[in-house]
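2 protein chains.
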Amino acid sequence: MKELEERILRDGNVLGGEVLKVDNFLNHQIDPKLMQSIGNEFAKHYANKGITRIVTIESSGIAPAVFAGLALGVPVVFARKQKSLTLTDDLYSTDVYSFTKKSTSTIVISKKFLEKTDRILLIDDFLANGQAAKGLIKICQEAQATVVGVGIVIEKSFQVGRQLLEEENYEVYSLARIRAFEEGQVKFVEE
Amino acid sequence: MKELEERILRDGNVLGGEVLKVDNFLNHQIDPKLMQSIGNEFAKHYANKGITRIVTIESSGIAPAVFAGLALGVPVVFARKQKSLTLTDDLYSTDVYSFTKKSTSTIVISKKFLEKTDRILLIDDFLANGQAAKGLIKICQEAQATVVGVGIVIEKSFQVGRQLLEEENYEVYSLARIRAFEEGQVKFVEE
Numbered sequence: 091m092k093e094l095e096e097r098i099l100r101d102g103n104v105l106g107g108e109v110l111k112v113d114n115f116l117n118h119q120i121d122p123k124l125m126q127s128i129g130n131e132f133a134k135h136y137a138n139k140g141i142t143r144i145v146t147i148e149s150s151g152i153a154p155a156v157f158a159g160l161a162l163g164v165p166v167v168f169a170r171k172q173k174s175l176t177l178t179d180d181l182y183s184t185d186v187y188s189f190t191k192k193s194t195s196t197i198v199i200s201k202k203f204l205e206k207t208d209r210i211l212l213i214d215d216f217l218a219n220g221q222a223a224k225g226l227i228k229i230c231q232e233a234q235a236t237v238v239g240v241g242i243v244i245e246k247s248f249q250v251g252r253q254l255l256e257e258e259n260y261e262v263y264s265l266a267r268i269r270a271f272e273e274g275q276v277k278f279v280e281e
Numbered sequence: 091m092k093e094l095e096e097r098i099l100r101d102g103n104v105l106g107g108e109v110l111k112v113d114n115f116l117n118h119q120i121d122p123k124l125m126q127s128i129g130n131e132f133a134k135h136y137a138n139k140g141i142t143r144i145v146t147i148e149s150s151g152i153a154p155a156v157f158a159g160l161a162l163g164v165p166v167v168f169a170r171k172q173k174s175l176t177l178t179d180d181l182y183s184t185d186v187y188s189f190t191k192k193s194t195s196t197i198v199i200s201k202k203f204l205e206k207t208d209r210i211l212l213i214d215d216f217l218a219n220g221q222a223a224k225g226l227i228k229i230c231q232e233a234q235a236t237v238v239g240v241g242i243v244i245e246k247s248f249q250v251g252r253q254l255l256e257e258e259n260y261e262v263y264s265l266a267r268i269r270a271f272e273e274g275q276v277k278f279v280e281e
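These protein sequences, in sequence, are chains H and G. Residue numbering for the first sequence is 91 to 281, as defined by the numbering used here. Residue numbering for the second sequence is 91 to 281, as defined by the numbering used here.
Okay, chain H solo, but in the shape it has when bound:
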């Protein structure tokens, strides 16, 4: 997605070797217009796939997911990273390790928001090692729902996430695919 790649080149910061900071349009400050374009792009790709629900993970997945949900006309469920007092009964949960944060968190989704008949589109901001996506898939499997595809805003193609998901036959649709960081510069996969 050209608009997104241009934005990453303009506003993304490569920290250390492997972290891309895109906190001025996606992870901390959000550009609503870009998120709308992103949501529409996911919706176009997954139109006519019978999606009934979008599942994402707080917090940075929410903005792209709600615009995709609006365009597809389906609700969005976001997995929470910890239990809150008003969210305790009948939860699906799994542990997710974050290589960026170097910590494990428990993600939970209320059982009432996933049904056996659901055809799920997973959406997340980043795909790197695939741990968050795998956690969401595990929860959807527990609910016996069908995961139709995994929509990713930014994929780090040099990490194992896509491979892990494709090995389990999940379709991955990433709007920007980063091949490498070379001398602090973002290089995209040529397609």
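Certain hints may be false.
Note that identical chains are pooled: a pair holds if it fits in a single copy or bridges any two copies.
Here are the simulated PhoX-like cross-link-like pairs (lysine-lysine), alpha carbons at most 25 angstroms apart as the crow flies [said to hold, decoys possible]:
1) K123 x K134
2) K224 x K202
3) K191 x K201
4) K191 x K171
5) K111 x K206
6) K277 x K111
7) K123 x K206
8) K191 x K206
9) K111 x K92
10) K201 x K277
11) K202 x K191
12) K171 x K192
13) K111 x K171
14) K202 x K123
15) K111 x K201
16) K111 x K123
17) K139 x K224
18) K134 x K201
What the hints contain is simulated information worked out from the structure, not anything from laboratory work.
Place chain G on chain H using the hints.
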């Protein structure tokens, strides 16, 4: 906002004496179409007020805020509830006590996303005791930005939040104002 009040009556659950669970359209599952209506309503109310940025707090404030941001043509910044590895330098931070969760969390916003010249619209999902809003205001004050108004999706008018904010001359615009929970039923303020 009639559409929101009807949705609260239909899908909200009153837990214990004071907690309203609206997790099937706002706090866990999100109804994108309703969020768009909510965002548009905020945008209509704050049109021509020179808003330059919306500030909210993760996670449930994000969906209403991004639709308001889209309609107003301004970026949205969401305060994070804890530091992450990629978000450490130059932060405004303050502690916020949550009566619902019975715990204190630190909320942070990167200094680069608040400017002296900013005219800020704060948006949050709930206003009860006003602690989150006060925390966001404190951060905006530190940044010397102007808080033009506080847009709230659901206000519990029987708690002190609105009063605390109005005492400090902040305008509060709530789309649903709950007067009381009577025998597990939601009663709105008659306006």
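Quick rundown of the hints versus the structure:
1. K123 x K134: This pair counts as both: shortest intra-copy Cα distance 17 angstroms, inter-copy 18 angstroms.
2. K224 x K202: within (21 angstroms within a copy, 34 angstroms between copies)
3. K191 x K201: Classified as between; 21 angstroms across copies, 27 angstroms inside a copy.
4. K191 x K171: both (13 angstroms within a copy, 14 angstroms between copies)
5. K111 x K206: between (37 angstroms within a copy, 24 angstroms between copies)
6. K277 x K111: The answer is within: 15 angstroms in one copy meets 25 angstroms, while 45 angstroms across copies does not.
7. K123 x K206: Between copies only: 24 angstroms across, 34 angstroms inside.
8. K191 x K206: The answer is neither: 33 angstroms in one copy and 31 angstroms across copies each exceed 25 angstroms.
9. K111 x K92: within (19 angstroms within a copy, 40 angstroms between copies)
10. K201 x K277: neither (40 angstroms within a copy, 29 angstroms between copies)
11. K202 x K191: between (30 angstroms within a copy, 22 angstroms between copies)
12. K171 x K192: both (15 angstroms within a copy, 17 angstroms between copies)
13. K111 x K171: both (21 angstroms within a copy, 18 angstroms between copies)
14. K202 x K123: between (32 angstroms within a copy, 20 angstroms between copies)
15. K111 x K201: between (33 angstroms within a copy, 15 angstroms between copies)
16. K111 x K123: within (19 angstroms within a copy, 30 angstroms between copies)
17. K139 x K224: Result: close within a single copy only, 21 angstroms intra versus 45 angstroms inter.
18. K134 x K201: Neither: 28 angstroms inside a chain and 36 angstroms across chains, both beyond 25 angstroms.
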